[in-house]
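With the hints as your guide, set chain W onto chain P.
Residue numbers (this note's numbering), protein chains in the order written: chain P, 95 to 457; chain W, 95 to 457.
There's no promise every hint is true.
Below, computed lysine-lysine pairings styled on DSS-like, alpha-carbon distance capped at 27 Å [as the list claims (entries may be wrong)]:
{"#": "1", "chain 1": "P", "residue 1": "Lys301", "chain 2": "P", "residue 2": "Lys222"}
{"#": "2", "chain 1": "W", "residue 1": "Lys356", "chain 2": "P", "residue 2": "Lys301"}
{"#": "3", "chain 1": "W", "residue 1": "Lys301", "chain 2": "W", "residue 2": "Lys356"}
{"#": "4", "chain 1": "P", "residue 1": "Lys356", "chain 2": "W", "residue 2": "Lys301"}
Hints are computed from structural coordinates only; laboratory data are not their basis.
One-letter residues, chain by chain:
Number of protein chains: 2
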Amino acid sequence: MKSLRRPPIVGRFLAEEVALASRNSGMPLEALRYDVTPVGLHYLLIHFDIPAVEAAQWTLPILGCVDHPTTFSLADLQALPQRTVRVTLECAGNGRAQLTPRNASMPWVEEGVSTAEWTGTPLAEVLKKAGLQQSVCEVVFTGADIGIDRGVEQTYARSLRVSDALHPDVLLVWAMNGQPLLPQHGAPMRLIVPGWYGMASVKWLSKIEAVTQPFQGMQQVVGYHFRAQPEDAGVPCTQIRVNALMVPPGIPDFFSRQRFLKPGLVNIQGRAWSGGGVPITRVEFAVNGQWRDAQLHRAEASPWAWRGWSCDWQASTGTHVLAVRATDANGHVQPDQPVWDIAGFGNNGMQTVTVQVNAATQQ
Amino acid sequence: MKSLRRPPIVGRFLAEEVALASRNSGMPLEALRYDVTPVGLHYLLIHFDIPAVEAAQWTLPILGCVDHPTTFSLADLQALPQRTVRVTLECAGNGRAQLTPRNASMPWVEEGVSTAEWTGTPLAEVLKKAGLQQSVCEVVFTGADIGIDRGVEQTYARSLRVSDALHPDVLLVWAMNGQPLLPQHGAPMRLIVPGWYGMASVKWLSKIEAVTQPFQGMQQVVGYHFRAQPEDAGVPCTQIRVNALMVPPGIPDFFSRQRFLKPGLVNIQGRAWSGGGVPITRVEFAVNGQWRDAQLHRAEASPWAWRGWSCDWQASTGTHVLAVRATDANGHVQPDQPVWDIAGFGNNGMQTVTVQVNAATQQ
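Next up, chain P with everything else stripped away, as it sits in the complex (with noise of 0.2 Å):
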C-alpha cells in the first residue's frame, strides 16, 4: 500500500501560488472523458499577460540568416497548405504540487493536460519560402506576451533546432477545434509543437528568426531545465514524459474533492500519453496495490494525440486506493514516486485516488 501513494500535498501554499492558480486554468478530470477537450476546458498556463493582438494588423517577419527574409500576414500564411493535427499538450510543470519540498511557482496537481485540434500550415513550408542559410542551426519564435521572471525582463521566446522546426507536424496554428485561435491560446498566431511539453508551443507569435548561433533567451537556457540542486547546469525540458491520468469515479466532496461510490461494477475510465509521437503500450489499473492490465481503446489517428483506456472495477464497501501507470513503446513505465526536480518539471508519477466505497453513496 505505502509505496502506492504518492505524498501528500502536504503543508501549506503561499498566496502568490493561489493567486497562479487562480489566473490559470487545469482541466478538471472529469473532462478526460472527451476525445478532444472541449473549448474553454483546454489547460492554460499564461506566463506574464496575455496580450491584445490585432488579427487584422498583426504580421510575422522572418528574419536573421534566409535567403529571402519575408513578413507574413494572416491572409498569407492562410493561403499556404494547411493541414489539422490532434495533439496532447501537457505543461512541464504539470504534477508540481505534488512534490516535497516544492518549487514556488504554478501549483498544478495533475490538471495540465489536454488535447486539441489544431489546424494551420507546416513552419517548414515558410521555412523553404524563407530559404535557411546552410549555416544556421536553431530557429527563434518570438511571442507578444512581455513580463519579468527572474528580475530580467524579456519577451517570451524559445528556440527549436532546424532538424526539430522542419518536422511536418509542427505547425503555424490559427486555429483550434475548428475555430479561430482565442486570445488566451495564443490568438491569431501560434507555434505547435507536437510531442514536447507546452513551452515549446509558443503563443501569440511575434517573430521568426533563424541564428546560427544557440539561442540564449532565458526560458531556453535558464527556465524549463531539469536540475537536481540549483547549481546544475540542468538538462533542458523537450519531449513529454510517459503519463496516464483515470477521471476519478463516483462523486467528489466540494471543499476536499475526496471521492465517493457505491459499492457495485464501475468502468473506470481515462487516458494516458507520452511525448515524442511513441505509442502507449499498456496501462495498468490497481486497487490496494493488486495490479492488472486495462484494456486499451483504439489508438488514436494521430500518434500526438492520448489514447484511451478502460478497466472494470467490482468495487467492495471500505476505503481503496486505485492507481494507474502507463508504458510506451520506449518501454519507458511511469514511476510510483515523482522524479525529484526542483523546479517541478516533468513529474509523471502515477496518479492515485482514494475511494471511500459505502452503500450509503446514492450515486
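For chain W alone, kept in the frame of chain P given last:
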C-alpha cells in the same frame, strides 16, 4: 495610504484550496478589456463534477403545483420565443482570499467575474405554459451535478420566489456568445438570473418544480448566506453588490504578479457593475489616496452588464498604490476594506494595485 490597502493576502493556503483554484477558473484581469468575455475566459465555479449530459436524450420536466405538468425537449424549448441578454455574473465568493481570517473554500482573489451574451427562452414563457397554481410560492431548479457538501449528499438545487422567477430576463439558456452552451457552463440548458450572484444561475438543469413551501435545500438555506458569526441565521446572498476592477497596468512579474511600468502617461481601463439592474453612476480612481473621477464609458444597452471606465494617469518614478471604487444609482459605494463575512461572501472591498514605476522598464 494605509486605509487605501486591502488586507494583504497573508499567510498560507491549504492544499485543498490550491486544488480548487486549479480546477475552477478565474478571468485573468487583462480580459476586462473585452465588452463580452471571450469563450474560455469566463470564470467557472463548479461545485461537484461537470456532469455528462447528452443533449439528444435530455428532457426538462416542469413539475409540482402546476395545472399542466409538461416535459420539454431541447427542441421544444428552442421553438419558444427567444432572446439574448448580456449579463455580468460574479461568484458570491469572489474576493474571499482577501479576508483575514478566511473561510477555506474556493480562494478567489478578485477574478470571479465575467460577462457573456446568453440566449434562451424566458422562464416565464415555460411557467405560463405549465400554469403556476395560486398556492405556489417558489420555483425550484435542480441541476444534474451531484456531490457531498458539509457531509450531505445532494444534487445542486436552488429556488427563486415566483416574482423573481417571472422576470422576463430570467432565461432558460442554451447558447452563450452565439455558440451552443459548453459542458462546463451547464450544457445543454441552464438558468440565468441576471443581477444575482452566480449561485442562482443553476447549470445542467434536470427539473423545475413549483412548490408551496419555501425550499429547504442546503444551497438555499445553509450555503450562500451572509453571516458575521457561525451561529447567525444569516441573510441570503441575492443581488450582486456594487464593484469595480481595473486592468493592472504595465507588465507583471511571473511569480508575484507585481506590476512594473515605465514613467509617462497611462490610460487606466476597467469595468464597474452592480446587481439588480442598478446602473453605475460614478467610478473614482486613486493614486496614493488622491481620488479623482474616472470617465464612465457609454452604458451598455443591457442593464445587467458591466460598464467600462477609464482614467488617464501621469505615472512618475516610484511605487504607487492605485485604487478604484464604484457607486451605483442606489447610492451604494464600495467600502475601502472588505466587509466581514465568515464564508467570505459579497466582498466588494475596493481593488488596489501596487505599481513600481521606473525608467528601466521598457513597457
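| field | Hints breached by this structure | value | The structure conflicts with hint 3 only, although it agrees with all the remaining ones.
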